[in-house]
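K.L.:
Given next are the chains, with one letter for each unit.
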Amino acid sequence: MNKVIVVTSGKGGVGKTTTTAALGAALAATGQSVVVVDFDVGLRNLDLVMGAERRVVYDLINVVQGVAKLPQALIRDKRIDTLSLLPASQTRDKDALTEDGVARVIKELRTKFDWVICDSPAGIERGATLAMRFADTAIIVTNPEVSSVRDSDRIIGLLDSKTELAEKGERVEKHILITRYDPARAARGEMLNINDVLDILSLPLLGIIPESEEVLRASNVGTPVTLNDPKSAAAQAYRDAAARLRGQDVPMIVPADRKGLLDKLFGRRAA
Amino acid sequence: MTSASDANNSIRFCIRSYIAFVLAPQAPIIDWLAQLDNWIKTSAGFFADRPVVLDLGAVKLGQPGIRHLLGQLSERNIRVVGIEGADPAQLDPSLPPLLTSGRPSERPQAAETTAPKREAPAPAAPVQTDEPTSLLIECPVRSGQAIYFPNGDVTVLGSVASGSEIVAGGSIHVYGTLRGRAMAGTKGDGRARIFCRKNEAELLAINGYYRTAEDWDDAIRSHAIQSWLENGVLKVAPLD
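First to last, the protein sequences are chains R and W.
For the first sequence, the residue numbers in the working numbering are 3 to 273.
For the second sequence, the residue numbers in the working numbering are 12 to 251.
Bear in mind the hints are in silico, worked out from the structure with no lab data behind them.
Keep in mind that a hint or two might mislead.
[Claimed, not checked] Some chain W residues close to chain R (C-beta under 8 Å, calculated; not the full set):
no.	residue
1	GLY82
2	SER85
3	ARG87
4	PRO151
5	ALA172
Model, not experiment: these values are computed from the prediction.
The C-beta atom is built at its ideal place from N, Cα and C for all residues, glycine as well.
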């Protein structure tokens, strides 16, 4: 099936890189071959989250510019041998990416891997538009906050106009992934609830990742959360999302508010 | 944004007409600027990236006066692309060019609360009678998108996102939630209306008269509404 997925959002800090790593690891754990590609040239992070920062020799820019061959730049994960990383360059900027070069790299990756997952930089400029340019599927990572949702909406507009599929008159398949969902805050009305987000973005939901310390801890130790803490709610949510990407029908679990139950027991009402 | 390109004879030149917002200052300029400031306060960012034509027909300004006024507007982030109704002798190449063939449209009568604003399609776009007079949009309008349809009505089946805008020569119908801006009757049609299933609009405008989200009370926010113009006042009322 050889799918190219872009993980994008518009806004920064919503969890694109974490999501790329976690979904990549979850898909690779099923035995399919996966490459995660860092498009955040100049501000690379995916190597850190994947724990491969000490093994980077060549990067995406080298391959785009023809300085290195693709197999030289790919870093195979030490934990899952079906998972690879194509890191970004930290010393260059997004202008070093050319459309032709990116097209060539994506085409070659498509022949080598079942899944190509592109981690988009924030923003709507060159890096982000080239990351989405050749995608079949987009995962729009959104926090349940007004600013994040509006930026996601903007990105969806770009996916419908600036991608190669859109220009051919076809459609990029699009999914919403809600991250950093905090049920307690949602219950208090301090963040948008799931239905508000889906109502505004009017796209299907791929998963809901609860706000959790496990996610932060996993990022800091350089292991995707699905590997670092496989029993955590966040890891389960990412595995479910990966299964949905593979076309499986998995019931959606809305993270519940543990305190809410206590509140109910004691007859208190959330403000 | 109608365009008429002379494709058969030449590929090097084409003629396009654009919609520009026309500001027509009135004497005394100081009061007019104060009025403008008041207005900008409630509609911040309205002029951002919009081409504006300055109509000096109602004021007599010499070159220093014109320069001063342009400076004042530029401080307010209003970019003037052309000047109308000024004495050509007062303009030199460092000032925006004189526009002469702006097609007049109905002028808002004695605008009290809103700055006068009318659009003037710039030179020479022949009106084509066989063009469709309505536009149907079947998908949601996303943040950052702008739909311009000066020829008639716009109907949107999905929602109109915060940070997007619809500009229509006729009426605007939104069957989803309207969260962005809707500007109807921009060619001077005061009978144009705006309808939506759920009103969360940032701004509603008909023929240059408008109101912003600050004005919505509970009766019209989040409800199905229609908006129309009555004696120079923009009315908004629930549909049911």
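K.L.:
Which numbered hints are broken by the structure, listed smallest first?
P.N.:
1, 2 and 3
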